[in-house]
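Undergrad: Chain order of the listed sequences is A and B. Using the working numbering, you'd call the opening residue of the first sequence number 1 and step up by one each time. Using the working numbering, you'd call the opening residue of the second sequence number 1 and step up by one each time.
Be a bit skeptical, because a hint or two may be false.
[Unchecked claim] Pair by pair, the computed Cβ-Cβ distance ranges are:
#, chain 1, residue 1, chain 2, residue 2, range
1, B, Ala106, A, Ser733, 37 to 47 Å
2, A, Gly652, B, Ala131, 42 to 52 Å
3, A, Ser599, B, Ala131, 24 to 34 Å
4, B, Phe148, A, Lys340, 50 to 60 Å
5, B, Asp150, A, Arg725, 46 to 56 Å
6, B, Ala131, A, His450, 53 to 63 Å
7, A, Pro607, B, Leu57, 52 to 62 Å
8, A, Gly205, B, Phe148, 53 to 63 Å
9, A, Ser733, B, Ala131, 54 to 64 Å
10, B, Ala106, A, Gly652, 20 to 30 Å
11, A, Asp353, B, Arg35, 16 to 26 Å
12, A, Thr452, B, Trp33, 25 to 35 Å
[Said to hold, decoys possible] Here are the simulated lysine to aspartate or glutamate pairs, EDC-like style, with alpha carbons at most 20 Å apart:
#, chain 1, residue 1, chain 2, residue 2
13, A, Lys340, B, Asp55
14, B, Lys109, A, Asp561
15, B, Lys78, B, Asp114
16, A, Lys507, A, Glu342
17, B, Lys109, B, Asp171
18, B, Lys204, A, Asp453
19, B, Lys109, A, Glu426
20, B, Lys204, A, Glu729
21, B, Lys204, A, Asp564
22, B, Lys204, A, Glu386
23, B, Lys109, A, Glu305
24, A, Lys585, A, Asp398
25, A, Lys340, B, Asp171
Calculated directly from the structure, the hints in this document are not laboratory data. For each residue, glycine too, the CB sits at the ideal point set by N, CA and C.
Read off the chains here:
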Amino acid sequence: MSAAAAASEAIEITPELAAEHGLSADEYALILKIMGREPNITELGVFSAMWSEHCSYKSSKVWLKTLPTEGPQVICGPGENAGVVDIGEGLAAIFKIESHNHPSFIEPYQGAATGVGGILRDVFTMGARPVANMNALRFGSPDHPKTRHLVSGVVAGIGGYGNCIGVPTVGGETEFDPAYNGNILVNAMTVGIADAGRIFYSAAGGPGNPVIYVGSKTGRDGIHGATMASAEFDQDSEEKRPTVQVGDPFTEKLLLEACLELMATDAIVAIQDMGAAGLTSSGVEMASKGGVGVELELDLVPMREEGMTPYELMLSESQERMLIVLKPGREDEARAIFEKWELDFAVIGRVTDTGRLVLKFHGETVGDIEVAPLVDNAPEYDRPWEPTPKSAIIDTDDVAAPNDPMDALKRIVGSPNMASRRWIWEQYDHMVMADTNQRPGGDSAVVRIHGTDRALAITTDSTPRYCLADPEEGGKQAVAEAWRNLTAVGATPLAVTNNLNFGNPEKPRIMGQIAGAVTGMGAACRALDFPVVSGNVSLYNETSGEAILPTPVIGGLGLIDDLDRTTAVAIPREGLNLVLVGKTKGWLGSSLYLREIESRADGAPPPVDLAAERRNGDFVRGLIQAGRVAACHDLSDGGLAVAAAEMAMAGGIGADLVDTPEGLALHGWLFGEDQARYLIAAEDGAAIVAEAQAAGVPAAVVGQTGGDALTVGKTHTISIHELRRCHEEWLPSFMARP
Amino acid sequence: MKTAVIVFPGSNCDRDAAVALEAAFGTRPAMVWHRDNELPDLDLILLPGGFSYGDYLRSGAMASQSPVLRAVKEQADKGVLVLGICNGFQVLTESGLLPGVLMRNANLKFVCRDVDLVVDSTASPFMRGYATGQQVTVPVAHHDGNYFADDATLNRLEGDGRVAFRYAAHDNPNGSARDIAGILNERGNVLGMMPHPERAVDPKLCGIDGKAMFTGLVEALVPTIMEG
């Protein structure tokens with residue numbers, strides 16, 4: 001027996017060691033039952049990784065099952081590396097969002113960079129060329145001493161990876177809140193395009209077929225990353241720095257091109273990237289999906305360091321690696337491709353018919369686990385939960401009216417959560433691949449499908465303050481806003497990917513937030529025919545007992561059939577009618593106005609009427625697709641006034657808005673966050689209003705475009721120049737603070 | 001009309017460049033792998049943007065030592081046109097085909113945005129689609145675009161009319177000396193520039209101010225072929 005194998009067997013397995021691996025006493029008892037004996041350290045490591053929250057979804061699965069995942073457009077729903085939808089003309093879009101929260105807090109540059117690298121691999125593993133990256137970021141209070149360091153590192157990491165590999169980062173969202181002081185959120189999304197007839201899956205098959213390893217060598221980085229992502233942080237989190245992986249986007253670019261080249265042949269049976277839990281999860285998942293066994297010779301794994309043990313090889317999260325099952329006899333052809341791209345290539349095992357994961361090291365068996373119970377008997381918890389108490393509905397009359405509404409507007413557009421994100425997205429190459437039609441800063445990014453006049457629209461959305469006040473309405477709202485953002489550029493919404501970021505699920509209050517948010521999301525996805533095709537769950541986002549805001553992020557994908565029939569937020573010319581679509585009650589509960597102007601963070605969030613969302617959105621999309629809309633913006637944070645201001649700033653052309661309608665308060669009218677609303681600029685406002693009424697859609701002409709200022713009711717006015725100054729100034733000066 | 005795009009491991013604007021060349025010339029460029037020692041007879045060689053060899057060591061440094069660069073140098077010496085964009089410009093300075101160096105941006109950050117450029121010299125086949133003093137808008141996307149050379153070199157570049165583009169005075173995105181965005185070699189057949197004209201050839205994307213470079217090259221090269 002080799003020294004390493006001997007050492008690995010020599011470690012005594014105790015319940016304490018199991019606990020250190022994040023396994024509960026019950027879970028360890030189940031392992032003993034499945035194995036029929038005490039596991040060795042390598043086997044314990046495999047169970048620990050596979051049964052971690054991150055890999056097993058053990059706390060969330062019971063809720064995830066309630067989400068709608070089907071539709072005529074869906075080619076592949078959740079369960080594979082990413083979701084796949086039909087986008088016509090023989091093509092498919094493959095997309096997913098994934099979190100890299102815990103590593104990014106510990107080491108922001110590498111944490112964020114490898115988050116991007118991981119999600120890119122999930123997409124190209126399935127045969128797609130990635131065409132766009134997006135992200136959703138949440139940081140702590142701007143006043144927290146760590147915030148600038150984290151913003152700067154995360155943004156540089158996202159840019160460093162995406163810019164180098166040459167996939168444009170076309171948009172995203174960034175928010176600040178003290179609740180993220182100890183747990184930032186870095187959610188990265190990739191969209192790729194593939195031939196709909198050539199999608200690659202992970203189910204291994206064909207006993208005797210070679211299992212090959214390609215990409216980078218395996219080192220000791222990231223061991224236990226998945227376990228780390230499944231626990232709360234405490235004062236000693238800094239000590240976990242060695243569990244953060246290190247990315248190499250150059251190698252990933254080579255891996256991308258080599259994989260796509262191999263995929264153009266018919267040599268591949270199955271392919272799976274090595275992400276969280278590395279060789280363990282890729283090997284086990286490929287075997288499990290295919291209902292077969294896999295035997296790996298771990299000493300054949302290309303290694304970066306000497307003396308690595310089977311345990312380390314199975315749990316390393318070294319980046320830029322793939323596991324592939326080839327058809328028999330195709331090894332030389334595959335090897336030639338990977339050698340051309342100067343990547344490691346090794347045959348490290350074979351598919352078997354035993355249904356077991358067998359690990360060998362220099363000829364000795366160092367692990368032997370039956371795959372089915374390892375996967376099927378993974379714990380699944382219906383954790384106790386408490387519904388979130390309803391917040392009181394705030395009457396607009398109980399909120400002080402602003403002395404000067406334009407001063408309030410200025411403060412809102414210049415506030416940390418509304419200020420321009422230009423400082424961030426100018427560090428991302430958002431145009432490489434030369435298909436970016438709408439850049440960051442609008443409602444959705446729009447990326448042309450290469451070589452056609454069609455395009456994909458992409459957005460990421462979540463409003464955590466609504467979710468905190470009412471998880472169910474907040475969950476609905478996140479979906480509805482994503483759907484609206486796609487609609488606002490003229491896209492037909494197709495499907496979503498979601499990233500559920502919450503605190504510790506073992507606390508009933510937190511579990512209640514998860515239950516509420518997923519219930520709301522499910523209702524909205526059903527009502528809007530907007531199924532969930534992929535996603536990721538990140539729990540235990542707590543430090544010293546303080547949880548983040550419940551943050552269910554929705555990544556939405558839509559299809560634009562004709563790039564000549566799309567709209568952006570910028571007002572393109574003077575003399576257009578501004579038409580407000582949707583009903584305004586002046587809802588100020590949980591609004592930005594309340595927070596920024598009144599320093600209050602209370603009240604029920606705006607309710608989401610899903611039937612109205614659908615009716616109003618379908619109406620607006622119809623107008624855009626008929627070529628009748630010159631500019632369009634969905635109304636969300638900050639309501640009508642902020643939407644009008646953003647349209648004016650983007651186009652450099654002002655607008656006159658009418659006075660507050662009868663029955664509404666000025667601040668409710670300007671800053672209310674009622675849902676299902678859009679502001680559109682069009683030539684024929686009166687005709688649009690008449691058609692809207694006929695369709696049962698509330699609509700009114702609320703202004704005209706023109707001039708170089710935003711004016712309300714002829715009395716309140718602010719220049720575009722001043723708005724831009726406030727909007728553009730905050731983030732760069734915050735980041736440059738001495 | 002024969003054009004080629006050199007592909008290094010880590011190039012990522014090779015496809016964008018090929019699309020722009022094909023749109024202008026009507027024929028597909030040859031895509032030449034970095035290990036090729038020999039090039040076919042060509043009229044124009046394009047070194048594309050990206051991160052050749054990961055830009056490890058220094059941007060463009062390893063690519064400048066690759067086998068294909070020897071062949072590119074031979075062709076350049078024969079007068080074949082060579083256009084280096086972004087990482088391609090970095091490869092040209094690292095290989096000595098153009099003077100000076102491209103340092104890290106002055107603010108140390110990657111920058112991707114439209115910039116206003118002023119056409120400084122039209123005295124080369126690359127620039128015949130433009131007019132001297134013309135202002136155009138073309139995107140940049142780089143981390144190392146801060147052009148530097150000693151004063152004598154800068155004076156010579158300016159004196160010889162070898163500055164093709166400058167950033168408009170208000171719009172230098174990287175701290176380049178004398179706002180230099182693109183320069184020519186002495187013979188005028190090698191141009192290196194940080195902005196991406198190949199991204200600005202379609203009104204649905206980044207505007208069309210880059211198109212004149214490619215249409216100008218077509219005009220410059222077509223008579224050569226007719227005569228040949």
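Undergrad: Each hint should be assessed against the structure and marked as holding or not.
TA: Here is what the structure says about each hint:
no. : hint                               : in the structure
1   : B:Ala106 with A:Ser733: 37 to 47 Å : 18 Å, violated
2   : A:Gly652 with B:Ala131: 42 to 52 Å : 27 Å, violated
3   : A:Ser599 with B:Ala131: 24 to 34 Å : 57 Å, violated
4   : B:Phe148 with A:Lys340: 50 to 60 Å : 36 Å, violated
5   : B:Asp150 with A:Arg725: 46 to 56 Å : 40 Å, violated
6   : B:Ala131 with A:His450: 53 to 63 Å : 33 Å, violated
7   : A:Pro607 with B:Leu57: 52 to 62 Å  : 58 Å, holds
8   : A:Gly205 with B:Phe148: 53 to 63 Å : 58 Å, holds
9   : A:Ser733 with B:Ala131: 54 to 64 Å : 39 Å, violated
10  : B:Ala106 with A:Gly652: 20 to 30 Å : 28 Å, holds
11  : A:Asp353 with B:Arg35: 16 to 26 Å  : 42 Å, violated
12  : A:Thr452 with B:Trp33: 25 to 35 Å  : 28 Å, holds
13  : A:Lys340 with B:Asp55              : 19 Å, holds
14  : B:Lys109 with A:Asp561             : 37 Å, violated
15  : B:Lys78 with B:Asp114              : 35 Å, violated
16  : A:Lys507 with A:Glu342             : 49 Å, violated
17  : B:Lys109 with B:Asp171             : 16 Å, holds
18  : B:Lys204 with A:Asp453             : 10 Å, holds
19  : B:Lys109 with A:Glu426             : 9 Å, holds
20  : B:Lys204 with A:Glu729             : 29 Å, violated
21  : B:Lys204 with A:Asp564             : 9 Å, holds
22  : B:Lys204 with A:Glu386             : 51 Å, violated
23  : B:Lys109 with A:Glu305             : 33 Å, violated
24  : A:Lys585 with A:Asp398             : 15 Å, holds
25  : A:Lys340 with B:Asp171             : 42 Å, violated
Taken one by one, the earlier hints fail for this structure at numbers 1, 2, 3, 4, 5, 6, 9, 11, 14, 15, 16, 20, 22, 23 and 25, listed in ascending order.
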